[in-house]
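Protein chains: 2
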Amino acid sequence: MDCLPKCEANYVPLTPLTFLKRAASVYADRTSVVYESARFTWGQTHERCLRLASSLRSLNVVKNDVVSILAPNVPAMYEVHFAVPMAGAVLNTINTRLNATNIATILRHSGAKVFLVDCELVPLAREALAILATAVSGSCAAPQVVVIDDIDSPTGVRLGDLEYEELVRRGDPAYVPEEVRDEWDPITLNYTSGTTSEPKGVVYSHRGAYLSTLSLILGWEMRGEPVYLWSLPMFHCNGWTFTWGIAARGGTNVCLRNPTALDMYRNIAEQRVTHMCCAPIIFNILLEAKPHERREIAAPVEVLTGGAPPPAALLQMMESLGFHVTHAYGLTEATGPALVCEWQAKWDRLPAAEKAELKARQGISILTLADVDVKHADTMRSVPRDGKTMGEIVLRGSSIMKGYYKDPEATSKAFRDGWFFTGDVGVVHPDGYMEIKDRSKDVIISGGENISSVEIESVLYRHPRVREAAVVAMAHPRWGESPCAFISVKKNSAGKTDDVKEAEIISYCRKNLPHFMVPKKVEFMADIPKNPTGKILKAQLRAVAKNFVWSENNNGPSSSSDKKTSKEVATDLSRYNPAPQEQQVLALSRL
Amino acid sequence: MDCLPKCEANYVPLTPLTFLKRAASVYADRTSVVYESARFTWGQTHERCLRLASSLRSLNVVKNDVVSILAPNVPAMYEVHFAVPMAGAVLNTINTRLNATNIATILRHSGAKVFLVDCELVPLAREALAILATAVSGSCAAPQVVVIDDIDSPTGVRLGDLEYEELVRRGDPAYVPEEVRDEWDPITLNYTSGTTSEPKGVVYSHRGAYLSTLSLILGWEMRGEPVYLWSLPMFHCNGWTFTWGIAARGGTNVCLRNPTALDMYRNIAEQRVTHMCCAPIIFNILLEAKPHERREIAAPVEVLTGGAPPPAALLQMMESLGFHVTHAYGLTEATGPALVCEWQAKWDRLPAAEKAELKARQGISILTLADVDVKHADTMRSVPRDGKTMGEIVLRGSSIMKGYYKDPEATSKAFRDGWFFTGDVGVVHPDGYMEIKDRSKDVIISGGENISSVEIESVLYRHPRVREAAVVAMAHPRWGESPCAFISVKKNSAGKTDDVKEAEIISYCRKNLPHFMVPKKVEFMADIPKNPTGKILKAQLRAVAKNFVWSENNNGPSSSSDKKTSKEVATDLSRYNPAPQEQQVLALSRL
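Those protein sequence lines, which keep their order, are chains A and B. Going by our numbering, the final residue of the first sequence carries number 591, and the count climbs one at a time with no gaps. Going by our numbering, the final residue of the second sequence carries number 1591, and the count climbs one at a time with no gaps.
Incorrect hints may appear among the rest.
[As the list claims (entries may be wrong)] Here chain A is said to cover these stretches of chain B; the calculated rule only asks that three of the stretch's residues, wherever they fall, bring their Cβ under 8 Å from a Cβ of chain A:
1. 1026-1036
2. 1215-1222
3. 1497-1506
For the record, the hints were derived by calculation from the structure and aren't laboratory data. All figures in this text were calculated on a predicted structure; none of them were measured in a lab. Ideal Cβ placement from N, Cα and C applies to all residues, glycine included.
Next up, chain A with everything else stripped away, as it sits in the complex (with noise of 0.2 Å):
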């Protein structure tokens, strides 16, 4: 074939700035943004964010220096994710329920250049920056203070001179884009959380970016003119690319500072709500709503949800208020979903148990990644498509991470032989659609069988004691590994939990998984560990596991002293003091 090069009519970068720019054009007059009593348009909200990227620029921002914001979900949060890379900087968002030492380890790791902070923030963004002083050597500098006042209702608290609308009041209108030259430049730095290790920033282009937004849509058959709820952080993965998906369908971005039950219920009721997306933990605030907090749902909300898989209870609980939820499975470095319940019209006519089950599973690709498979990850070979035989999650696709931020170690550990690894364990089943079983490091191995300590501990919840339970590998003379469960429990009617041995739920156990399957050992404790953004501390759990001591004699395992351990193990973590709810907020782990 001839060589045809490109040209600037027929190849240019992709990069989700395009959406707002068309919105701007296209839907000028519809409604952007709402926050309370604040309101926005397409044709506003473009303006807004020439004038907000242009005040950057003249605060010495330049492409590819990184803008810090930590935020709730306020219209200024919406507005940063087309504001800053269209300075040409790259945008970090900081997840507000991190401690002050987390903060000030992202602003230093980042080199952030400016920090836009929430009213509502300020005070544990004082204490970051208080501690990134201490630790912030000659050669870098502190990040310039924005304090992000409520748009609503001005609080009037600062952090320096410098704020939010003014910076959008002064910014010139007429500014002119950093234009995007390269599809691969980067558009955004979120830091996951690890479990075991420190926070990874996670960089995402502008070409994954678009690429996953238009996937997301398409996937999740978002229409036009939706009216999406911010009941999901837009700091998780970017609000799993719906920041970028609202403009790109012309949509109304329903802002929310906290979502409280009443609060959800309220803007639903109000602006109309179609689509919203959350972690299960937003169906307990939903379900578990005071009758003067509820409203009644005139026409079917979509609810789009990642991480543990919603119980075919909860599922139909939420289904008889007026929700239609879809099921998604992903993580940072996936830019959010990368498998998605994909409903098929044939399963319509299936009773509901299992439709939940159907509905539970993770699914099948996004349409912008190129390859998903399971795999055995010692031959690479992929798992037969059984349902049974476990495997290793990897990804392949332009909408996969560029990498590692500062961290070629990690960057290389997670792209080998041409595919991303998720650590996530699952099955296929014969129908193509995937189920993850388990993180691949928290894989019990007992006697040459893979045990999922996903699948025990969801039996475990099932129990009607059970509050928190958590199943890591201990030590087996016989088998290897055999799993050891570490529970919480409810209060009785007479305020105890002691009532609770662990002989009944090992029986309980028995009756409800295969005989291997059933925990050797039950260890009691007040608050399984976790870390701030509420992912549970598995390797903590395992470092207790560590003390136990299998004895044949007893038919069980014993500790020299079990609840001391424990105790230890809580004391190291006291610094952590998540709320009990936030327990759940890791079911959207891998989100």
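Given the coordinates of chain A, work out where chain B should sit on it, guided by the hints.
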């Protein structure tokens, strides 16, 4: 930011071939293709494509070779859209309405190595190959011919030794497709039928085809599991990308040898068709169906149409039958639709006539176009969004063609100043929706005013006796140019056409058009001259109009011999003999 290089896991070339691979994996048992008694699943279609690709390799087809096909919308025509690029080759689908000379020209220009021919088109192909043989020099070998016998009712017709099903049968199902290493590599080559010049070979890249496919699914909001009726030829911009799109959506392709009313209604009813694309002529076929050809349409069928805006009355009739029409604008060079008239919820409340008016606009850019604009051709300044000021429609984005094959001159003429010039003239309405007014070379400039020939033609078409109409510029001593109308007339009840007079048509136009737009001359013809694909040859009409001499005395132009000139034109064009309905196919002019 860190330098994070691309790797095989996170930078995978974009190609529609992934859609088939994915469909075979996750929609393996769903019906992919239906044609009369033949029915395949996605697993089978994938295997058939692998087999065919391996057989093409065994015919010495190598990377970037051209494989041509001359076939209606039968299953083989669908399969080659994957199998040919899986062999590393470039697919050239030839318009079945062309004559033998045109086909020979395309075979020679493309250098086709293999030529697949549907059994019904063997006589035409034989003729084309004979012309090619006389023209081919020693340096250019004739293509290997493969006959595609009808898979439902084999005819036994052959042209040489090779038959399609035999190639599929003897192919290797374990064939590993040629890897797409560069998404800029060509995937298809589609010749446009020029009205004035030689056909031009439009080359699509894998990237362009991939992105256009996603765009069209998004723009049309096509949900999962569509049942798609092939009423649009796949050789038109590769079925406006739905050849690849139906695989992406895991849908069913309902193949169709001829879009007759009987076969369309039968398939819509029996296969429960949900979607179809077509030229407006198909509306007439559906509306004019005889009672025995009709079937009731149980659920609404989404119809995407392009070209001439469907009049309100036609739209209403279509909708009353159960078709829901969306209007688009595109061109071969833009891989099909570039603008889609995206419907807005608020328009639902408008009266039918206003709705039709809104729906008749060509609309807003598809998502993967980086930019669309309407510009003054001289100054390159954007026209105001007033719905009145005309300018040339220009496009930028990765869904625009690579260029014209072996035609650097035409390529560099089409790409200028970072834009692709469509050659179409339009306006932008205040809401950002665009409306096409004319081909730029067909605009009539009268006293400094731009007059759209299409606008005059659409008024003429509404006259009850006008069968066909075409308007071109003729010289005018005062205004520079004036409109000149050519029309053919429907017979009256006595079977006559000569009762319609020029004065009546001009007086009718005076009532329905601004004075300056009224044709100064009306010329009657038995048939308006067209090229083999049904495009009206305005260049020929302009040549005729040149002979008209304006005479101030009779306040109208006179011609030395109008009839003679028309006849001459008719004689010149006698080798073209399009069916009358093909005049309307050009309504898809730019698609």
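A quick look at each hint next to the structure:
1. Under a criterion of three residues with beta carbons nearer than 8 Å to beta carbons of chain A, the stated coverage of the segment 1026-1036 of chain B is upheld, 4 such residues being counted.
2. Here's how the segment 1215-1222 of chain B fares: 3 of its residues keep a CB closer than 8 Å to some CB of chain A, so the rule of at least three is met and the hint holds.
3. Under the rule that three or more residues need a Cβ within less than 8 Å of chain A, the assignment of the segment 1497-1506 of chain B is violated, with 0 such residues.
In this structure, the one hint that does not hold is number 3.
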